[in-house]
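A.B. asks: Here is how the chains run, residue by residue.
There are 2 protein chains.
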Amino acid sequence: MLEPTGTAPGLVVPADLAPPVLVLPGPPAELQAMWPAAVADPLVTASIRAAESIRQETVRIWGPPESELAATLRQHEVDRTTAGLEITTCMRDGELEVVTRFSPAAADSYASLAAALDAHFGEQIYSTDGRDIDRVVADLLLDHHATVATAESCTAGLLAGRLADLAGSSAYLVGGFVTYSNEAKTAEVGVPAQLITDVGAVSEEVARAMAEGARSRLGTTYGLSTTGVAGPGGGTPDKPVGLVHIAVAGPDRTWHRRLQLGGDRTTIRQRSVVSALHLLRKALTTT
Amino acid sequence: MLEPTGTAPGLVVPADLAPPVLVLPGPPAELQAMWPAAVADPLVTASIRAAESIRQETVRIWGPPESELAATLRQHEVDRTTAGLEITTCMRDGELEVVTRFSPAAADSYASLAAALDAHFGEQIYSTDGRDIDRVVADLLLDHHATVATAESCTAGLLAGRLADLAGSSAYLVGGFVTYSNEAKTAEVGVPAQLITDVGAVSEEVARAMAEGARSRLGTTYGLSTTGVAGPGGGTPDKPVGLVHIAVAGPDRTWHRRLQLGGDRTTIRQRSVVSALHLLRKALTTT
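Protein chains in written order, with the working numbering: chain G, 1 to 287; chain P, 288 to 574.
Since the hints were made in silico from the structure, they are not lab data.
Where hints are given, some of them may not hold.
Beta-carbon label-pair distances, calculated as ranges [to be verified]: (1) 551/P with 142/G: 13 to 23 Å; (2) 357/P with 142/G: 42 to 52 Å; (3) 409/P with 216/G: 45 to 55 Å; (4) 351/P with 18/G: 47 to 57 Å; (5) 350/P with 115/G: 51 to 61 Å; (6) 457/P with 37/G: 52 to 62 Å; (7) 45/G with 551/P: 24 to 34 Å; (8) 183/G with 416/P: 25 to 35 Å; (9) 32/G with 457/P: 39 to 49 Å; (10) 354/P with 8/G: 22 to 32 Å; (11) 183/G with 409/P: 33 to 43 Å.
Every residue, glycine too, gets a C-beta built ideally from N, C-alpha and C.
With the rest of the complex left out, here is chain G:
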């Protein structure tokens, strides 16, 4: 038994033919306090020493549907082998994650799998070293000594809020504009009122004007924008719920994407934020 640090004691249960069973409390503070004693127990030390180290690698992909990834993995299994690889895939906010666990003996199998993913998905792969898109974008901005400003309609600040999630974000996030009403789009980032009248607030033209306006108003390297119909109301046959235009204005050009997203209001707004981060990555890796 390991002395309790809260109410629950820890247990190390010996087993004849298998590694010992280690039982630890769930609350992080209790677990952390007990950890040194747990790993110092001779039975635990011995089984840690005897254990084979398991590697875990993560490939993160943006763009393709989950079915395309599944087909690629199936084809690779046929062509070569995935023996010794424990592969799990996950789709979240449109991002695909391939997590593979394997023992050192299967390192060649994994190298072959990684090469196959690289050959098929190429630049759609945005991380192979564990970083998420927030960290990837932050590192690119830092590397380029680049700064950003936002102009957000449907996401209404969530994109800027996310850009500020990481400590140290003041190195690249200068500021932003929540241009929720049409009047705010004109007053804050100079979108011509006539343009909104002509093509509507949810349009490629307005998304571009917002991104360029944010960039110009705050003198940043990049300007990011979102404008869309988050629902549940406000959709029309031409501009249904889930239609979102995003743009990234850079020094030399402006990138634009038209998204047609499914899901509820929260999902549409969240997915718009993630899409804008990926469009910014594209801008940062293209220039």
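Dock chain P against chain G, hints included.
C.D. replies: For chain P alone, coordinates are given in the frame of chain G:
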């Protein structure tokens, strides 16, 4: 057995002396499809008819610590009775929630408890009808035909993003400013650069200037601001991590709160957003 609508069938298990046991699938789509058949089963219908209806009431409180609520509940139990009341309390983002479930026979006990809470906490109670702070603030803004604009530093858009969470928010949210850098505070909402030099960006004076600037730039009824040290870096002895100033500028005056929050960067930013919503409620219920 109830016909499966997905892969799992439903079950109605009769029991001699107790209500029947009803087993239904978890996936919402499967559950919903099976629901009409489940409640139409004669055993289920009979036990629903025989069941006593249970009331559930929720009192939401902003301001006091959880210990004060616990003391109030203990005192009430001594003075009167809480027999027949199943009371649970929960603290989240600084908001206290008292959920009470009781059978109609205990309605008087509950009325007495509700009166005791009202007597002790008064205006700190912001909801007794199930609405959360987002809905309470939205309804107040709609009732007052009032509009809002934001100027955010440490929360960097999360407050505006939250004000846009509810469908129909375009009726009151005009826009906002993410004034993350000092330069953005000056350029976007007109905070004098000299003021920032004199008292620092994290100060009552700058919070007030930001709220008033946002209000004036977008011509809204209210302007809301946040400026603070979200950490983990950036703290000083005078202005430690967790120090946040928030302000709400209205037509006649500006409200301000100095917060000293615990927790990590995410918690501090999240709690700042919630505090700003409650300060806006105060402004809306005071004027």
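A.B. asks: With reference to the structure, classify each hint as holding or not holding.
C.D. replies: Right, here's what the structure says about each hint:
1. Residue 551/P and residue 142/G have their C-beta atoms about 22 Å apart, which keeps the hinted 13 to 23 Å range intact.
2. At about 47 Å, the beta-carbon gap between residue 357/P and residue 142/G stays in the expected band of 42 to 52 Å.
3. Look at residue 409/P against residue 216/G: about 50 Å separates their beta carbons, and that is inside 45 to 55 Å.
4. Between residue 351/P and residue 18/G the beta carbon distance is about 53 Å. The supplied range of 47 to 57 Å therefore holds.
5. Between residue 350/P and residue 115/G the CB atoms are about 59 Å apart, so this pair conforms to the stated range of 51 to 61 Å.
6. For the pair residue 457/P and residue 37/G, the beta carbons lie near 57 Å from each other, so the given range of 52 to 62 Å is met.
7. At about 33 Å, the CB distance of residue 45/G to residue 551/P agrees with the hint of 24 to 34 Å.
8. Roughly 34 Å separates the CB atoms of residue 183/G and residue 416/P, a value that falls within the hinted 25 to 35 Å.
9. About 46 Å separates the C-beta atoms of residue 32/G and residue 457/P, a value consistent with the hinted range of 39 to 49 Å.
10. One distance hint, 22 to 32 Å for the beta-carbon pair residue 354/P and residue 8/G, holds here, with the actual separation near 25 Å.
11. In this structure the hint that residue 183/G and residue 409/P lie 33 to 43 Å apart at CB holds, the actual value being about 39 Å.
Checked against the numbered hints above, the structure breaks none of them.
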